[in-house]
Amino acid sequence: MNVLAIDTSTNVLGVGVVNKEKVIGEYITNIKRNHSTRVLPAIEYLLKDCGLGIKDIHKIVVAHGPGSYTGLRIGLTIGKTLAWTLKIPLTGVSTLHLMAASGRYFEGLISPIIDARRGNIYTGLYKFSNGEWTNVLEDQHISAVEWAKKLNEYNEHVLMIGENAPTFQSVFETTLKDRVNFASVTVHNPRPGELGLIGMDQPEVDVYSFVPNYLRLAEAEAKWREKMGN
Amino acid sequence: MNDQYILGIETSCDETAAAVVKNGTVIMSNVVASQIESHKRFGGVVPEIASRHHVEQIIFVIEEAMEKANVKFSDLTGIAVTSGPGLVGALLIGVETAKTLAFAHSLPLIPVHHIAGHIYANRLVAEMEFPLVALVVSGGHTELIYMKDHGHFQVIGETRDDAAGEAYDKVARLLDLPYPGGPHIDRLAAKGQVVIDFPRAWLEDESFDFSFSGLKSAVINTVHNAHQRGVQLKPEDVAASFQDSVTEVLVKKTILAAEKFGAKQILLAGGVAANRGLRNRLSKAVEDFKHLQLIIPPLHLCTDNAAMIAAAGSVFYEKGIRADLSLNANPGLSLSRFSTEP
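Chains R and A are the protein sequences, given in the same order. In this text, residue positions in the first sequence follow full-length UniProt numbering: the first is 1, and each later residue adds one. In this text, residue positions in the second sequence follow full-length UniProt numbering: the first is 1, and each later residue adds one.
Everything labelled a hint here was simulated from the structure, so no lab data went into it. Source: prediction; values computed, not measured. The beta carbon of each residue, even a glycine, is placed where N, CA and C say it ideally should be. The reader is advised that the hints may include incorrect statements.
[Claimed, not checked] Which bits of chain A does chain R cover? Going by a derived footprint, with three or more residues having C-beta under 8 angstroms, they are:
| hint | stretch |
| --- | --- |
| 1 | 85-97 |
| 2 | 316-330 |
[To be verified] Computed far set for chain R versus chain A, every beta-carbon distance over 10 angstroms:
| hint | residue |
| --- | --- |
| 3 | M1 |
| 4 | N2 |
| 5 | K20 |
| 6 | N30 |
| 7 | D115 |
| 8 | R117 |
| 9 | F128 |
| 10 | T134 |
| 11 | K149 |
| 12 | N152 |
| 13 | E153 |
| 14 | N155 |
| 15 | E204 |
| 16 | G229 |
[Stated by the list, open to error] The list that follows gives simulated cross-link-like pairs (lysine-lysine, DSSO-like), each with its CA atoms no further than 30 angstroms apart:
| hint | chain 1 | residue 1 | chain 2 | residue 2 |
| --- | --- | --- | --- | --- |
| 17 | R | K223 | A | K170 |
| 18 | A | K68 | R | K55 |
| 19 | A | K170 | A | K40 |
| 20 | R | K127 | R | K149 |
| 21 | A | K72 | R | K55 |
Turn these sequences into a full structure, and let the hints guide you.
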């Protein structure tokens, strides 16, 4: 079973083809350029180079957020449309879980970081042990300061992954001291191969109603709900 | 010769739409999911919310369009999509969907300018005869377009400030009418009298450009002054007087353009083409010209839809217009530059 994995959640564009035995191919860039012009050409290029046609793909896995709203919609729209029109299953994987996956051999907790601006981050807490992933704390939108306090309740080392993580280095070190570790730049770019593997055995989602996990309301929506006293 | 089937996709603003059109003129299906109910509470279209709704709706809408048309992807000649102008995040959903479908089924991808789409809505009603002049009026556009042939677009006049539809929405808000205000003004105007002499912006002689910001300010000032003096203005009369100013300028300039360019047809296009005041006035004005034909699409083809995109896409397909998988949404896409003819 060949899985096509698509990640456009952040500045990193990742496309991969994997099956149970191996990661057949991956295309990864980390540049500040439009995903919209580049994702489908990347898929076309990768498949061609791997000697595969789109009909050789049996499942689509998309990183469904959190992340850039527009970025998420690009990957999801492509994933939904492919799955629907090729009549193959689609599944979504947390972008944060995907980021954490690159730290699977770290003995301790893993906290992937995406900058959500104004001192806030998108993060979650993950752990890999005995060949299994555990989501210790669910994905959330939270201030970095608050997150450091939460992490401090665990008496474990924490690995911060993601290219935005160093932005919050002093915040985390102030609270967690030497229990906080920062991944190297080679670990920051999420691996589409990991995305495909995580999603391979996950149940499929409904392609029609599948939407990104933004983790935040649109600003206008949040203000409106506040006004309505919700 | 085989029939040509084009799937059109349109997501430039707050309607998620897909349609299948046969041979550029026959609507096989035309599905529109409107978000208007969701945006009403904000008093206007919120771009981020529009984008979110498009992702929710797009597959439903395309599936329904394909099923109603009773065609398979292997029956299609090509896929046409609005690539601009519009809200960039909203446009992107349609563009990515269209590119993905074109890629999955190895189909030609045809980029379509939103305004070209509005103009080609008319070809779903009657065959176009050139040269012609099209008046495009909507919430975002007020333009006079000269066409000497299929695929040729020359913008001969456009608004220098607000679009006509924008002025309608602002006056509607002033009169406490619900969003979107255009239809409400039109309805009120039909019951009122033209008693207030609002300004008409004719601009320079020979100019086909428009300006509605002065008119908008005049309406606001008149209503506020009356309010301060404790004078009761009838909203029906304000609406009628405002609409009289807008439609007089639109109609006179359109007729002048038609005369200057020797047009055989005048096409009305865009959301404001649904306005009865404008339709009636233009129809009456054209009566004086024996060889001038006026085409006005039915209401559901005036507002944003994908049948018009497929209809335009049909012509562009024949002209050899294609996009590849790097096609991007272009919120400021220009119509003149989109023209297939110089």
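(request) Hey, is T134/R genuinely clear of chain A, shortest beta carbon separation above 10 angstroms? (result) holds (30 angstroms)
(message) Using Cβ atoms and 10 angstroms as the threshold, tell me whether E204/R really stays out of contact range of chain A.
(response) holds (14 angstroms)
(message) For K68/A and K55/R, compute the direct alpha-carbon distance and say whether it is at most 30 angstroms.
(response) Holds. K68/A to K55/R sits at ~26 angstroms (cutoff 30 angstroms).
(message) Please verify the coverage claim for the stretch 85-97 of chain A: does it have three or more residues whose C-beta sits within 8 angstroms of some C-beta in chain R?
(response) Three-residue rule met by the stretch 85-97 of chain A, so holds; n is 6.
(message) Does K55/R sit within 30 angstroms of K72/A, going by the straight-line distance between their CA atoms?
(response) holds (17 angstroms)
(request) Would you check whether the claim that G229/R is not at the interface survives, using Cβ distances to chain A and the 10 angstroms cut-off? (result) holds (14 angstroms)
(message) At least three residues with a C-beta closer than 8 angstroms to a C-beta of chain R: is that true for the stretch 316-330 of chain A?
(response) This one holds; 6 residues, not fewer than the three required, reach chain R with a Cβ under 8 angstroms.
(message) With the threshold set at 30 angstroms, check whether the alpha-carbon distance from K127/R to K149/R stays at or below it.
(response) holds (18 angstroms)
(request) Run the C-beta distances from D115/R to all of chain A and say if the shortest one exceeds 10 angstroms. (result) holds (19 angstroms)
(message) Just want to verify: N155/R was marked as not at the interface with chain A; is every Cβ pair farther apart than 10 angstroms?
(response) holds (41 angstroms)
(message) Verify this label for me: F128/R is non-interface relative to chain A, using a Cβ-Cβ cutoff of 10 angstroms.
(response) Non-interface label stands for F128/R: nearest chain A Cβ at 31 angstroms, farther than 10 angstroms.
(message) Beyond 10 angstroms on every Cβ pair: is that true for K149/R relative to chain A?
(response) Holds, because the least Cβ-Cβ distance between K149/R and chain A comes to about 30 angstroms, which exceeds 10 angstroms.
The structure is consistent with each of the numbered hints, conforming to all of them.
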